[in-house]
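Make the full structure from the sequences, and use the hints.
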Amino acid sequence: MNQILQHDPATTTIGILGAGKVGTGVARQALKAGYRVLIAASGDPKDISLIISVMAPGAVAASAADVMSEADLVVLSVPLHKFRTLDPAGLAGKHVLDTMNYWRDTNGDMPELDEAPSSSEMVHAHIPEARLAKSLNHIGYHELELDARPAGAPDRRALAVTSDDAETLALALGFVERLGFDAVDGGRLSNGAAFEPGTPIFTGSYDQAGLQSELLAHAASAAGEELALSPVH
Amino acid sequence: MELGVYSFGDVHRNPVTGAEVSGQQRMADLLERARLADDVGLDYFGIGEHHRADFAVSSIVPVLAAAAAQTRNIKVGSAVTVLSTEDPVRVYQQFATLDLLSGGRAELTAGRGSFIESYPLFGADLNDYEALYEEKIQLLLALNDAGRREEPITWRGKFRPALDDATIYPRPVDNNLDIWIATGGTPASSVRAARLGTNVIYALLGGAVSNFARHAQLFRAEAEQAGHDANALKVGVSAVGLVAKSGAQETFYPYWRHLMDGLSRERGFSQPNRISYDMQTAPKGAIYAGTPEQVAEKILLTREHMGHDRHILQMDLASVPQKDVLKSIELLGTEVKPLIDAELRNQEKAAA
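So the protein lines, in turn, are chains A and B. Note that our numbering gives residue 152 to position 152 of the first sequence, counting from 1, and the numbers run on in steps of one. Add 233 to a position in the second sequence, counting from 1, and you land on the number used in our numbering.
FYI, nobody ran anything at the bench for these hints, they're computed from the structure. Any given hint could be a false lead.
Here are the simulated DSSO-like pairs of lysine-lysine, each with C-alpha atoms no more than 30 Å apart in a straight line [as the list claims (entries may be wrong)]:
id : chain 1 : residue 1 : chain 2 : residue 2
1  : A       : LYS32     : B       : LYS517
2  : B       : LYS517    : A       : LYS46
3  : B       : LYS517    : B       : LYS391
4  : B       : LYS391    : A       : LYS82
5  : A       : LYS46     : A       : LYS94
6  : B       : LYS467    : A       : LYS46
7  : B       : LYS478    : B       : LYS556
8  : A       : LYS94     : A       : LYS32
9  : A       : LYS32     : A       : LYS46
10 : B       : LYS556    : B       : LYS517
11 : B       : LYS517    : B       : LYS478
12 : B       : LYS560    : B       : LYS478
In silico contact screen, one side only, chain B against chain A (beta carbon under 7 Å); selected entries [stated by the list, open to error]:
id : residue
13 : THR419
14 : ALA454
15 : SER503
Footprint (simulated), chain A over chain B, 3 or more residues, beta carbon under 8 Å [what the hints assert, rightly or not]:
id : segment
16 : 420 to 427
17 : 441 to 447
Every residue, glycine too, gets a C-beta built ideally from N, C-alpha and C.
Below, the structure written as structure tokens:
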């Protein structure tokens, strides 16, 4: 626990790309936790300054370029079908947290998803040099506020975090803890498939032990599938 | 403050009794509700469209026209018109006609709809989800604007043929259609409605009554900034609920549960249960089921957060029986409305 709370929110900048329901919801919680928060939408920061002043007072509307260069952790909260508008150069080497999900109704058809274990791999293929983690996608934006609890609260909700980068994983785990949730290490980025839309983790709400056992159950069934698919000699 | 009811003409098999209801019977039910809502002094009767088996209404305007013909004072409106898969010119003509039929009581609420069945039906591409809506809402408002100025319109867009110096007939009463934009609470939607200078109605479908307070603030601030008179623009709330002298929460639960079970399976969100239901029927939750006093208090609490001008309830989720819906409409008009009016008068006096 101490290890994942290593960073100090007061000296850590969270940069959010996307000023929608999720982006502004994450911003509010991050501000409560004491982080400095920058937020950008696709256009001129002036276009969203009013949105930010009402929806997440205390956050600073900035350009996407400034958000990416200044942030210690960049949070991706744009509609998934706009992932190609993310700037690979701006995100190279940065710690990045992907909160996005695929919703056919609003995202349209995305055939490239068929080739990715989780939508985060598809995103990662576009920003290959980003140090990518996945989390916060399996909690509703209203619940971010309603379900947050101080550490140790008996009804504290757990959220999973995955990443292939140990440092990014630690930073993201600490961030999720600070927002008011038990952060559970879900292992490699591809394990994010365990908490995408339609999965038990996505549709349910779990405490730490419950979430860990769901992650294990998913890993076991994924391993089983792989075994079943491997050629018989 | 305006109060009203809205429906999609649910024809679900009754999840409690197993009883079935025909589309024909449901249409008669809807008109009976409209007459009662008018009789008890409610302000708004809304009909929304779905294009799926559990609902009798995909075509809003004929139902509203029949309701208008059988009522005297109540406003009749769409809740909502899925504009993305409509031709705004035809929508304008239909609602202008409804407005003439009803003596100026017609309203149009435009939205994107919460289901997507109408997209393939009418040849719309989901990949154009945002662009379709953006273009069509702008055209609809431009048509209303041209109507108000009694001028022809010249317009060019991507999703329908261009209009070249065209005048659209008929014009509504006083040349003006009352248009609202419906939203589920994306900040950009509040901003869009504010910049366009239309009324806005928020679908408060669960959660807490305080959830949308910021959105209403944002709408008013943005409208002000865009140069509109923010006080002249209305804010509404649509929600689910049922009013009864006793047992409203018990009566409503299996129907709410049935509908939410289906939605949660389809959309992959948390399965509803009695605990989540009880949280939302509690005083701060956003299901408006209870006694007249409880529902009045909850609408007033919502008003503290939102400062809204209109509150409308969907009472017939998954085919709540007609007798319960009728009783609920009656109580909304005869008991909830006077309670709210009296409290608001007191607040006005205290503030004066």
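Do the hints match the structure? See the list:
no., hint, in the structure
1, A:LYS32 x B:LYS517, "holds (22 Å)"
2, B:LYS517 x A:LYS46, "violated (35 Å)"
3, B:LYS517 x B:LYS391, "violated (45 Å)"
4, B:LYS391 x A:LYS82, "holds (21 Å)"
5, A:LYS46 x A:LYS94, "holds (25 Å)"
6, B:LYS467 x A:LYS46, "holds (26 Å)"
7, B:LYS478 x B:LYS556, "holds (13 Å)"
8, A:LYS94 x A:LYS32, "holds (23 Å)"
9, A:LYS32 x A:LYS46, "holds (24 Å)"
10, B:LYS556 x B:LYS517, "holds (28 Å)"
11, B:LYS517 x B:LYS478, "holds (20 Å)"
12, B:LYS560 x B:LYS478, "holds (9 Å)"
13, THR419, "holds (6 Å)"
14, ALA454, "holds (6 Å)"
15, SER503, "holds (6 Å)"
16, 420 to 427, "holds (count 3)"
17, 441 to 447, "holds (count 3)"
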